[in-house]
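Throw the hints in and build the complete structure from the sequences for me.
Chains as they are written, first to last, in the numbering used here: chain A, 23 to 371; chain B, 19 to 120; chain C, 1239 to 1407.
There could be a bad hint or two in this list.
Only pairs whose alpha carbons sit at most 27 Å apart, straight line, appear in this in silico DSS-like list of lysine-lysine [as the list claims (entries may be wrong)]:
hint, chain 1, residue 1, chain 2, residue 2
1, C, 1402, A, 349
2, A, 180, B, 107
3, A, 180, A, 91
Which chain B residues stay away from chain C? Per the calculated CB distances, all over 12 Å, these [said to hold, decoys possible]:
hint, residue
4, 115
5, 117
6, 118
7, 119
Quick caveat, the hints were computed from the structure, so don't treat them as lab data.
In this text, a Cβ means the ideal position worked out from N, Cα and C, and glycines have one as well.
As a plain string of letters, each chain reads:
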Amino acid sequence: MSLSPLQQELAISVVKVLVLFNALLGLFSGMTYVERRVLAFMQFRLGPNRTGPFGILQPIADGIKLFFKEELTPAGANKFLFVAAPALAVVTAFLAIAVVPYGGSVTLPRWGWMPDWLEGRRIVLQISDLDVGVLFLFAISSLGVYGIVMAGWAANNKYTLIGGLRSSAQMFSYELALGLSFVSLIMVAGSFRIHDIVDSQAGSILHWNALRQFPAFAVFLVAATAEVNRTPFDLPEAETELVAGFHTEYSSMRFALLQMAEYINMITASALAANLFLGGWHFGIPGVPDSPLWFIGKMLAFLFFFIWLRGTVPRFRYDQLMHFGWKVLVPVAMAWIFVAAGLVLWRQS
Amino acid sequence: MSPTLIQHALLLSLVLFAIGVVGVFLRRNVITVFMCVELMLNAVNLAFIAFSRAWGNLEGQVLVFFVLTVAAAEAAVGLAIIISIHRHKDTLDVDAFNIMKW
Amino acid sequence: MSLELFHAILFYAFAAAAVAAALVMVSQRNPTYSAFALIVTLVSLAGVFGLLGSTFIAVLQIVVYAGAIMVLFLFVLMLLNVRAEDRPPGGGRVFMLVAIALGAVLAGEVGSVLVAARTPLARPFDASARAVAHLLFEAQYLYVFEATSILILASLVGAIALAKRDPGP
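Written as structure tokens, this is what we have:
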């Protein structure tokens, strides 16, 4: 059958979406297990080790348990928004993955059994190669605030409302610092496309943005941890605080969706760190060919770093958190933008 | 991008603007009236972008950029005013602020 | 299926979502539902902007309008604990019909001019960030840009001054 160019592009995109979606779901369930085990070892105890050898089947057990729990809706809760909030959180979490590249481009080899529009076709390892890629990520993280606000408000509970407002205030405060840390990368690369930012780090490990633009990397680390509500910035959902924050009233699959949204956000933040600061799919030592494996390795290293942070650092109090975000991170990011702009102009002249 | 689609975009902008105008007439909560004004601003943004596409002129985009910025500034100040009048009278009904009537 | 048809389907989907959400916004009694409906309208409009070729402005619309201004609205609504508004006392029906009629007259007048005019062109252009930035920073809009930043500073100071509680005696 002959497909028009539009249909060819759509077919390739559908395959990419399916592959990436399933890979993310697998990574999410793997992350729940790995986090519990690694955190347990750091705290000098064993994690789950009963279900299956070394507890490997624990995510499956969790999934089955959550599936069969009763779905409670509080009385007086707004039913439509109560159900829509986890869905919105998950949708915005997955949308961000659409612009994250995980490799350069591959050219399909000519095997002879594929349709002729696929033979030798160059496929970019990214679902959608927007020319405003970094800005799109910023936009989607701004929309991620709404899932939390809706979840906190729709449950008709004072504590979830306060937890939701606190969490969303934290998220959009640190979003500003996050966006400002991207600005210096965009200036050096000269483009909003994530591919261009990754390619500006090609060559050697000394070209990586984590070394060349260290203040932006430091700001990004702190701001990304606050954006995904991870320790030390997880006060809005800590059990010792407002019960469980904005997801107190959620049970069963809706709770699982909210947890999925949080883990997928964490995975996106790690993927972004690997791409924008650690060189993406370039290895670092010249002569070694580029490969998506290096990207995956860096992303997994970052995920381990998030778990490591959780096991090591106590959490911030809320006013310390807001003070740090507005009065420390934003000025540091802005100062670095000026310095980076000066360096770019000096190099151009 | 066909020309009829641009004409339909302009019609969409008109419909949204008319809905915003009706909302400003009908609603009694100050914040909702403010949101209908924001809807009108967005309809105007859409008209700018559609015309910018029609003529191939980028100045429409620049104007939308400025409308976005000014709308943000206006929303901040407007909401601050709403907070202070709520603190004064504890209601958000537009008809309650009538002490300057004769 | 051609690209034109695909564009048309996407455009009508976004347009229908925008109009439906705008109608929900105007008719809902609880202002928080209206705020969420306005967010849907804003995101649909951003989709339409993207279809019209302005990806940069589309993303900026989501970042600024849907991501910042509406969060501000939602915060004020939730902190002021706004309840659903009641029906106005007496005579509400006639007023509502007259208002809707006036809106329809406005739409009809401008719409008739729009439909009677010749269909617009569709000149291709490059609305990338670089092109818009050239106009903003190097061509004639630099002064306006700097004046806008002073405007934002003024609104920032004004908003803080207005919303501050008076320190007690």
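Each hint, compared with the structure:
no., hint, result
1, C/1402 <-> A/349, "holds (19 Å)"
2, A/180 <-> B/107, "holds (24 Å)"
3, A/180 <-> A/91, "holds (25 Å)"
4, 115, "holds (15 Å)"
5, 117, "holds (19 Å)"
6, 118, "holds (19 Å)"
7, 119, "holds (17 Å)"
The structure is consistent with each of the numbered hints, conforming to all of them.
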